Structure formats: structure tokens, C-alpha cells
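What follows is each chain in one-letter form.
Number of protein chains: 2
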Amino acid sequence: MSLSNCRIVLVRPHYAGNLGATARVMRNFGLSDLVLVAPYASTSDLDARRMATHGLSVLDAARVVPDLGDALADCVYTFATSAQTAGVVRGGTIGTAAEKMPELFAAAGTGPVALVFGPEPHGLSNEEVGRCHGLVHVPVDPVFGSLNLAQAVAICCYELRKAWSKSANDARGKPEIPVRAVAAFADQERMFEHLRAALTAVGFLFGEKGDSLMHGLRHLIGRAQPTHQEVKILHGLARQLLWAAGQMKPQDDDPPPGDRHDKSDA
Amino acid sequence: MSLSNCRIVLVRPHYAGNLGATARVMRNFGLSDLVLVAPYASTSDLDARRMATHGLSVLDAARVVPDLGDALADCVYTFATSAQTAGVVRGGTIGTAAEKMPELFAAAGTGPVALVFGPEPHGLSNEEVGRCHGLVHVPVDPVFGSLNLAQAVAICCYELRKAWSKSANDARGKPEIPVRAVAAFADQERMFEHLRAALTAVGFLFGEKGDSLMHGLRHLIGRAQPTHQEVKILHGLARQLLWAAGQMKPQDDDPPPGDRHDKSDA
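Protein sequence lines correspond, in order, to chains H and S.
When the letters of the first sequence are read in order and numbered with UniProt numbering, they come out as residues 1 to 266.
When the letters of the second sequence are read in order and numbered with UniProt numbering, they come out as residues 1 to 266.
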């Protein structure tokens, strides 16, 4: 399955800059099928072309149709988008972009699917929303919920690509992002023992407070879940400190090698 | 917890339209703290104001600072953003916006956190990325991965709001987990400088590998989000190492103070 079956439909868009920004962000997320329904803005407008940057191929391939029905004719599944869903009473499929894009992407396995965005000032009419199978919204601050058109497209395309990526990974059975390989517990233990010996040799750990200081350091480093490479760096540090301690001039019996951790560091 | 502790930092932004679009989308998702580092574009530019629409309050409250360090000084946790993470070899905290925004939002419970975006043409420098605790990217089509700046901000803010929303929902059913008080960024910076000086004095950091070793240590410790008390312990360690270095017998010119981090620790 790919994203090539996922269509973006802009109904009566007013601003050429939004056409360009939409084309660009579609390209960013791997979509290419753009349809404009009775647009006020033109794809040949300078603002459109300037905002499109590397999305010019999407912009130039955009189809212009007179009616929403033409844009959706061959689609197996369609979602309208809306900033507000509170007033919309429908028995059907309503949800957030995160909830609904996986559903839309799954349907794209059987044929073209569409996401429909309304004109900048007021969004889709109720009649237009009613012609789609479902309604999608992006959760925003209700105090000022009006997303820029191209931003709304961006977030839906982003969620579509997440759905595509998840599906591709599920197929492969592994995550897309390589996970950090945390060093094994026993390797960490050896490193902490090495570090303790070294910090004792340079006089940082001694007496009553030594144990609690070492505990503090262990806790800090352990929390970061060090990788094997980082454990090696800390072994290297321990070796260097042991070497440095060996180079120190013999100390008098007292005072003990300075307990510097108590002093203020203002 | 709210989103008011979540800061958006734009480093050297070039286009005024992006300032406005950023302010608008921040307002859409309930963020308000915008900082501009040495911007080329001005918030008073007509394009900025036109794109901001209802985000003008965010735009007008934006702070302008000369350096990234000023923008992050009071932050407890910071993420750089990058289109490409493939070339970045770091063991640490790298992930997608969906993975990392919950982490950033959780840290916002203890103090200000920041998301840092680079300039439009080329993004953040490696040095700038290195000053943050982690690196976030938005999964895009590798063929054309360059997101518009305001679109990248939109997707991160969208994920932050999702984290906020999830946390608000979780909080209704569960007791709140006590949070650790993470040391401020500037305090961590002072400690890392102190530690760098000390590790250089004992011969652990030197030559070509010194920077990458220090980077590795910074990253390890930063990932653990050290508390104020832990920062004090590390200051104490630095003081002790500087003292120990002062006790060392004068070294011959060669060989250099042993490069122990290369040796195997089997």
C-alpha cells in the first residue's frame, strides 16, 4: 500500500499561497494527487509557485473540477474536514485526524480516498460535509481554533504518513526508528566499579559521604540508560583517572585529599 | 500542567511570513511563548502581521535575543529540530515529534522547555544542535524532506497539544507523579564548562577526540535531566579533578597524557 491513492481536495480555495503551501507539504509527506474544486486562486499565480518550492510538480499536476462530486467520483472513502465538530450532529464517522487517518489509509488499499478541505473564510457547507463518509477535525485551542488551510492539510498528511509508516513497519515487523541499544546491566556494573575505584583514587570518594556520592552518580548515569559506547567512554575516563592518580605527588597523611564536594559553587 | 511552559525558538528566521504563520499556529494549539534568535525577518513586517491573523498577540509578545544561549538560559529541557537525522551520529535522545513531544511536555511540569527551529535555508548548525538535550524530526518523504518552517512548527505544536490533552485526560483518573526538579540550562552549562576544564586538566580530553568525548558525556548527562543537587555533585567532581591535576608530577613533553579511551576494556 502506498500514499498514491490518497487525494487532497481543496474546495473553493481563495489564496494562491495556500495552493503552493499545500502542494509543498503534500510532496513532503509523499502525496501527489491534488484536486481543486471551483478555485478562486490560480496555480499559476506567483504566490502559489513561490510557496510550492519542490512541490511544483504536485501543483502543476493538480486537476481543476467544477463540483465536489467530480472530485470524489471515483473515491471509495471520503472525509470532510472541519475546525468545529461540536455543532455537527451526525450518526456517522467523526473523529480526530490521529484517529481517522489510519482508517482512511486502510481504505486506500482498495481504491482512491479523499480528504476534503473547505474555503479559507468559512469552511465547507453542511451540504458538502454531508456528501462525505465522515468528518475529521484537528484538536485545537477552542479560543482560537481556526487553522490556516495549508496547516490543516499538513497535519492530516502528517497523520496519513504515520499510518502508512506504521503499516509498512507492521508488515516488516520492526520499528522505523532504530532504538538505542542500552548497555547490559552487568556491563554497567563493571563500569560503575571501575569508576568507583578511580574516583576513590583521585580522592573524590572517601569517608562517610563516599557511598552516597557514588550512589548519586550511579543514579544519574543509570537514569540516562547508557549505551555500550557510553559505557566504554566511562571506562576510558576511569582508566585516565587511575593513571592521573598514579602521577600525583605522595600526599601527607593529613589532611585527607580534599573534600571539595561540600563547598558551595555559587 | 499547561502548555504555557512550552517555548518555540526560531533561530535566524529569514521570512516574515513564517513568523506570522508560526505565531498563528502557536495560538491555534494553545502556546504563547515565542523567542527569536538574531532574526533576519521583523515581526512588524506586513507579511508577518498578515499571516498571524489571531496570533498577533503571540507575535507582539515575541522576545528577540542575540544568541541561542539567551533563549534557552532558564530551560530545563530543550529539543533541536532537524529535517535530517540520518547523518547525525549521536547515541542519545533522537526521535520523532510523536515520540518526543510527550517527553518534552512532561518536563514542562518542572520549568520552561524549548523546541528550537533553524533558519529556512539550512536548519541549525551542528553546534546549535549539540547545545540541546535532544533532537526531534518529523518523518517525511526522504525524496523531498524539507518542510516549510511554520509547517514544522505546526506539527510539533500539534503533537505537544496531543500530549497535553492526553495528560489532562490521564490526570482525571490517576494520582499525579511527583516530578524531579531539573537544573536550569544555564546552570548545566556552567557545570559542563567546569567539567570540561577538569577533564582536560587530568588529560582525559585532548586533541581531536576531546570535543566528541565531551559531547558524548554532555549528552549522556543531559539525557538524565540532572537535578540541582546532581549538578552540585558534578561541580564537586570537577573541583576535585582540578585539585588532583595540580598534584600531578610535571609530565614529560611526550608521550602525551595517556589516551586511555581507545583501549579495549574487555
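Note that these hints are calculated values from the structure, not bench results.
Hints may contain errors.
Claimed, not checked - Derived pair list, reagent style DSS-like, types lysine-lysine, alpha-carbon separation capped at 30 Å:
#1 Lys-232/H x Lys-232/S
#2 Lys-166/H x Lys-166/S
#3 Lys-249/H x Lys-232/S
#4 Lys-166/S x Lys-249/H
#5 Lys-232/H x Lys-249/S
Claimed, not checked - The calculated label-pair distances, taken between Cβ atoms and stated as ranges, are:
#6 Lys-209/S x His-219/H: 21 to 29 Å
#7 Glu-127/H x Ala-61/S: 38 to 46 Å
#8 Val-76/H x Pro-142/S: 23 to 31 Å
As the structure is a computational prediction, the values presented were derived from the model and not from experiment.
Every residue, glycine too, gets a C-beta built ideally from N, C-alpha and C.
To see whether the hints hold, each was checked on the structure:
1. Lys-232/H x Lys-232/S: 25 Å, holds
2. Lys-166/H x Lys-166/S: Holds. Lys-166/H to Lys-166/S sits at ~21 Å (cutoff 30 Å).
3. Lys-249/H x Lys-232/S: This hinted pair holds, its Cα atoms lying about 27 Å apart.
4. Lys-166/S x Lys-249/H: 59 Å, violated
5. Lys-232/H x Lys-249/S: 27 Å, holds
6. Lys-209/S x His-219/H: 21 to 29 Å: Given a distance of about 28 Å, which is inside 21 to 29 Å, the answer is holds.
7. Glu-127/H x Ala-61/S: 38 to 46 Å: 41 Å, holds
8. Val-76/H x Pro-142/S: 23 to 31 Å: 28 Å, holds
Hint 4 from the earlier list is the only one contradicted by this structure; the remaining hints agree with it.
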